[in-house]
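Working from the sequences, and respecting the hints, build out all of it.
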Amino acid sequence: GENVEQHPSTLSVQEGDSAVIKCTYSDSASNYFPWYKQELGKGPQLIIDIRSNVGEKKDQRIAVTLNKTAKHFSLHITETQPEDSAVYFCAASRATGGGNKLTFGTGTQLKVEL
Amino acid sequence: KAGVTQTPRYLIKTRGQQVTLSCSPISGHRSVSWYQQTPGQGLQFLFEYFSETQRNKGNFPGRFSGRQFSNSRSEMNVSTLELGDSALYLCASSLGARGILKDTQYFGPGTRLTVL
Numbered sequence: 001g002e003n004v005e006q007h008p009s010t011l012s013v014q015e016g017d018s019a020v021i022k023c024t025y026s027d028s029a030s031n032y033f034p035w036y037k038q039e040l041g042k043g044p045q046l047i048i049d050i051r052s053n054v055g056e057k058k059d060q061r062i063a064v065t066l067n068k069t070a071k072h073f074s075l076h077i078t079e080t081q082p083e084d085s086a087v088y089f090c091a092a093s094r095a096t097g098g099g100n101k102l103t104f105g106t107g108t109q110l111k112v113e114l
Numbered sequence: 001k002a003g004v005t006q007t008p009r010y011l012i013k014t015r016g017q018q019v020t021l022s023c024s025p026i027s028g029h030r031s032v033s034w035y036q037q038t039p040g041q042g043l044q045f046l047f048e049y050f051s052e053t054q055r056n057k058g059n060f061p062g063r064f065s066g067r068q069f070s071n072s073r074s075e076m077n078v079s080t081l082e083l084g085d086s087a088l089y090l091c092a093s094s095l096g097a098r099g100i101l102k103d104t105q106y107f108g109p110g111t112r113l114t115v116l
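Chains D and Z are the protein sequences, given in the same order. Here our numbering is used: the first residue of the first sequence is 1, the next is one more, and so on. Here our numbering is used: the first residue of the second sequence is 1, the next is one more, and so on.
Worth double-checking, as some hints may not be accurate.
Unchecked claim - Below 20 Å or equal to it, Euclidean Cα-Cα: the simulated SDA-like pairs (lysine to any residue) are:
1. D:K42 x Z:S65
2. D:K111 x Z:P39
3. D:K42 x Z:Y10
4. D:K37 x Z:Q44
5. D:K42 x Z:P39
6. D:K37 x Z:P39
7. D:K57 x Z:T104
8. D:K42 x Z:R9
9. D:K42 x Z:L11
Rather than coming from a laboratory, the hints here were simulated on the basis of the structure.
Set out below in structure tokens:
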């Protein structure tokens with residue numbers, strides 16, 4: 001089955017700096033890669049996603065890049081703010097063919113310091 | 001539009017008991033997936049229901065089961081509870097239709113289960 005590795009497990013940055021979280025996946029058939037943000041006491045919230053036919057996607061301060069050949073994808077957050085502090089999860093799945101089964105990475109605790 | 005709701009939010013049970021958790025998906029969503037979240041194992045897929053049928057299943061023992069009703073609401077049951085079943089159980093809903101390019105899953109707040 002699919003295996004997703006995520007690094008780093010913790011990340012501390014100064015407000016205004018950029019943060020980068022990296023994930024690798026094992027199943028070459030995976031074609032959908034969402035990123036979720038989970039705040040304390042809440043369920044994961046989708047922040048951005050990318051499909052395998054796209055190499056990069058950007059939404060304001062958040063961007064995701066995908067390298068299909070190397071089977072890795074990354075989350076980039078620019079101009080970090082204290083409210084970006086949370087746990088971030090990457091995930092992979094086969095989006096077509098029916099059925100949902102997200103395989104998650106182990107999470108990155110991001111702390112944005114003032 | 002209301003989000004995914006889960007009840008109860010917190011639950012305390014003892015070993016050997018059974019428990020039923022409930023999930024109401026976003027209106028119009030027909031797929032409901034369940035995940036277990038623990039500090040040690042992270043987020044793990046349990047199963048997915050679509051149109052009252054189990055469509056996908058993760059690697060959990062048969063003590064974990066679920067069902068879906070005609071209104072898409074879903075329940076998850078765990079029998080003969082073990083200490084290791086203590087976790088946050090998350091439900092996610094999506095449109096679920098086959099062949100669509102991106103079937104975004106939206107998560108509920110979860111049910112925190114503690115087994116004593």
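Right, here's what the structure says about each hint:
1. D:K42 x Z:S65: The hint is violated at about 24 Å.
2. D:K111 x Z:P39: 18 Å, holds
3. D:K42 x Z:Y10: Distance ~13 Å between K42 of chain D and Y10 of chain Z Cα, so the pair holds.
4. D:K37 x Z:Q44: Roughly 16 Å separates the two Cα atoms, so the pair holds.
5. D:K42 x Z:P39: 15 Å, holds
6. D:K37 x Z:P39: Given pair K37 of chain D, P39 of chain Z holds - Cα atoms ~16 Å apart, limit 20 Å.
7. D:K57 x Z:T104: Status holds; Cα separation ~16 Å.
8. D:K42 x Z:R9: 11 Å, holds
9. D:K42 x Z:L11: At roughly 16 Å apart (the allowed maximum being 20 Å), L11 of chain Z and K42 of chain D satisfy the hint.
Checked against the numbered hints above, the structure breaks only hint 1 and satisfies the rest.
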